[in-house]
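Chains A and B are the protein sequences, given in the same order.
Just add 67 to the spot in the first sequence (first one is 1) and you have our numbering.
Each step along the second sequence adds one to the number in our numbering, with nothing skipped, and position 213 is 210.
Just so you know, these hints were derived from the structure itself, not from any lab.
Beta carbons are placed, not taken as given, at the ideal position from N, Cα and C, and that holds for glycine.
There's no promise every hint is true.
Unchecked claim - Derived CB-CB ranges, DEER-like:
hint, chain 1, residue 1, chain 2, residue 2, range
1, B, Glu230, A, Leu398, 38 to 44 angstroms
2, A, Val90, B, Leu323, 35 to 41 angstroms
3, B, Asn101, A, Met194, 49 to 55 angstroms
4, B, Ile25, A, Glu203, 44 to 50 angstroms
5, A, Ala334, B, Leu51, 24 to 30 angstroms
6, A, Leu151, B, Gly128, 55 to 61 angstroms
7, B, Val18, A, Leu398, 23 to 29 angstroms
8, B, Thr73, A, Ala334, 46 to 52 angstroms
9, A, Arg315, B, Ile14, 26 to 32 angstroms
10, A, Thr136, B, Ala189, 16 to 22 angstroms
11, B, Asp79, A, Thr202, 47 to 53 angstroms
12, B, Leu47, A, Ile306, 20 to 26 angstroms
13, A, Thr150, B, Tyr181, 24 to 30 angstroms
14, B, Arg238, A, Ser198, 42 to 48 angstroms
To be verified - Partial selection, computed: residues in chain A whose CB lies under 7 angstroms from chain B:
hint, residue
15, Phe100
16, Met102
17, Leu255
18, Ala256
19, Val260
20, Glu363
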Amino acid sequence: MSRVAQFLFRRKGGKGWHWTDIVTWVWLVGGLFIMFGPAVWLVGSSFKSPAALAEFPPTILPYVTQKVTVEGFDKPLDLYEVTLPDGSKGKLAEVRRIGVVGQMINPSNPGKVIKVNISQRTPVRAMSFASGNYTEPFTHFDFVRYLWNSVFVTVVATLITLVVNSMAAFALSKYEFRGRTIAMLLILATLMVPLSVIMVPLYSIVSALGLFNNLWGVILPTVATPTGVFILRQYMLTIPDELVDAARMDKASEWQIYWRIILPLTAPALAVLAIFSVVWRWNDFLWPLIVLSRKELYTLQVGLSIYSGELNVQWHFILAMTVVTMIPVVLVFIFLQRFITTGIAGTGLK
Amino acid sequence: MKADVSGKTSLGLGEIIMLPVRFAMGLIDTPLRWLQRMTGIGGMATFFLLPNMLIFGIFVLLPFFINFAYSMTGGTALFLPDRNFVGMGQYSRLFDCSNYLDPNSCAEDTFWTAVGNTGWFVVLQVTLMIGFSLVTALILNRDLTARSFWRAMFFFPVLLSPVVVGLIWKWILQRQGLLNFGLYGFGFEPYAWLNDRNWSFAATVGVSIWAHMGFYTLILLAGLQAIPKDLYEAAEMDGTRPTRAFLRITLPLLAPNLLVVIVLVLIRAVQIFDEVYVLTGGGPGTSTLYLTQYIYETGFAAQLRNPGLAAAASILMGVVLVVLTLLQLGLSRSSEKNGGRK
């Protein structure tokens, strides 16, 4: 507690409140709400039933009006806490509502209808997590397919990226050959050619290769990342050339040098690239949206956006699926937070 | 002794997983040795470079070049040989306006609406983004308890997918959303923010800042932490006021990082698409229709798609991006020169 208090009331130089202390305090506390609030709100809402989602004012946690099944009525009735004219309180079920008067019955004695003004009743509510939001999309929306497609694209693209980029980086860092600088410049120049500039011709090429409506059409154009080649090359340059020469003396083939010597030594940089690649490919949206038009091929991101753009948005499912989509990235972040934040600060890459 | 030996021979889980990979790599080695004997070591360099350059060539360089060809053809056919040559027709269609300040007077009115929207978006978003991330970086650079927590707090939306970001905020800004709930407490009536032209525009600016601010904050924070502390101590000894120290020490020394951030934000702002597409879909009307979405819709989503027009628009956007990048290179050169003169 004292640490908290000490933190809360820390001041610059300990000489009384400087205006910058107040700004810092307001900024961080405000940030706490603005940065985390939306995510908390999303997770809270994802457990609500459709009826609870339509309520206003909403509640942060998922509450549901209690219902009772009464003999003689097909549907379960809403349960209310009622103040009766004689001042006593009781729990009654509402049969129907006419204007401001609710016709209520006592669940244990359903014979007699009691008329109650609606201002005299409040719904009986209890917290209830609508776990169906999470389980039903698996049967409703081919959710498993989208999940599988996303996982497939992410894993395969990342593996290919690692192999292809590390091979290129090896060639560009450990060999002298004509055109090396041109190859490097070409790779770096493509950093300036984003997808939005080349999407029309890229689409025609992917179609010509028969990769339209094919997960490989999503994977292949993304794997030769210039950033990946760059990171790995910079790292490989720090590996002494003597290692390569010594291996050649021992009659190692060039492939063995790459595979047995260079790759294991590049492991830290490969790990960085793998993390970035997983996040990139998991989050990719525009390109899969263009290439995939058949429902069963959608990735999670495409599926989510299509369903959320429909006329009657089934928000209770969308919210739950959004939470599931967030999970891998949030896990990556929680475990590798320090690693990522310091890594980005060092390299300026995203 | 015995325990040691058995420890060495037993395989860990990782090694077992790697066994088939090792086996495959050994198999590949034989033909590759043969290849190496044929081509020599230099040839192997080409071999290593080839897969990456091939993918690069097919999926980046080739589209880049045939994009120019596309922009000079018309019709709805997808493949280049089936398309008819129209010369600069698509460009003149894009620029066919009687009054450039009024999109409605143009043949391609949505293009100019998108250009105008993107322009406003870039100006507003870049200014606010730089402001917010600079202030956040300055605050995080103070002597804070649990700094890594605060840093992570501002950073985590960066990793979220744009679709998730768009959906989170769509859910907050809708009629029964969190924002209306908060305002309801102050006596305001619920309002459908995303159905309002101005508010939905503001929402796209705000949401994109929320999502990416943490990234730029990190770069600026790294710059701030690289400034030697003794400079401030010396300034304090000389009785320099903090504002003056900020203007004379912090800003000049942060300039290189600030420049990188400004250009990165600019380049990304020009291409804004994903979050906005999910959040507003370009609407209401065309109030949040930005350039990338215009290209996407003209080329792919429209009833009568026009790949040539989309290609022409994308080339114009590419020109803007190249100019911005060259501007960055030029500016960073000149700032290096100035640094050298000191």
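Original post:
When you take the CB atoms of Thr150(A) and Tyr181(B), is the distance between them in 24 to 30 angstroms?
Top reply: For Tyr181(B) against Thr150(A), whose Cβ atoms are near 26 angstroms apart, the range 24 to 30 angstroms holds.
| query | Can we keep the Phe100(A) interface hint, with Cβ of chain B closer than 7 angstroms? | reply | violated, 10 angstroms
Evaluate the given range 26 to 32 angstroms for the C-beta pair formed by Arg315(A) and Ile14(B).
-> holds, 30 angstroms
- [ ] Confirm or reject the claim that Asp79(B) and Thr202(A) have a C-beta distance inside 47 to 53 angstroms.
- [x] holds, 48 angstroms
Distance restraint hint 44 to 50 angstroms, applied to the beta-carbon atoms of Ile25(B) and Glu203(A) = Since the Cβ atoms of Ile25(B) and Glu203(A) sit about 47 angstroms apart, the hinted range of 44 to 50 angstroms holds.
Within 38 to 44 angstroms or not, the Cβ separation of Glu230(B) and Leu398(A)? holds, 42 angstroms
| request: Using 7 angstroms as the Cβ threshold, decide whether Glu363(A) counts as touching chain B. | output: For Glu363(A), the interface hint is violated, since the closest Cβ of chain B sits about 19 angstroms away, which is over 7 angstroms.
Note to self: I want to verify a distance hint. Is the separation of the beta carbons of Leu151(A) and Gly128(B) within 55 to 61 angstroms?
What the structure shows: holds, 60 angstroms
Does Ala256(A) hold up as a contact with chain B if the rule is Cβ-Cβ below 7 angstroms?
Interface hint status for Ala256(A): violated (9 angstroms vs cutoff 7 angstroms).
| query | Does the Cβ pair Arg238(B), Ser198(A) satisfy 42 to 48 angstroms? | reply | violated, 59 angstroms
Exercise for review: Take a look at whether the Cβ-Cβ distance between Val90(A) and Leu323(B) falls inside 35 to 41 angstroms.
Suggested key: At roughly 37 angstroms between Cβ atoms, Leu323(B) and Val90(A) fall inside 35 to 41 angstroms, so the hint holds.
- Holds or violated: 46 to 52 angstroms for the Cβ distance of Thr73(B) and Ala334(A)? holds, 50 angstroms
In this structure, the earlier hints numbered 10, 14, 15, 17, 18, 20 are contradicted, and the remaining ones agree with it.
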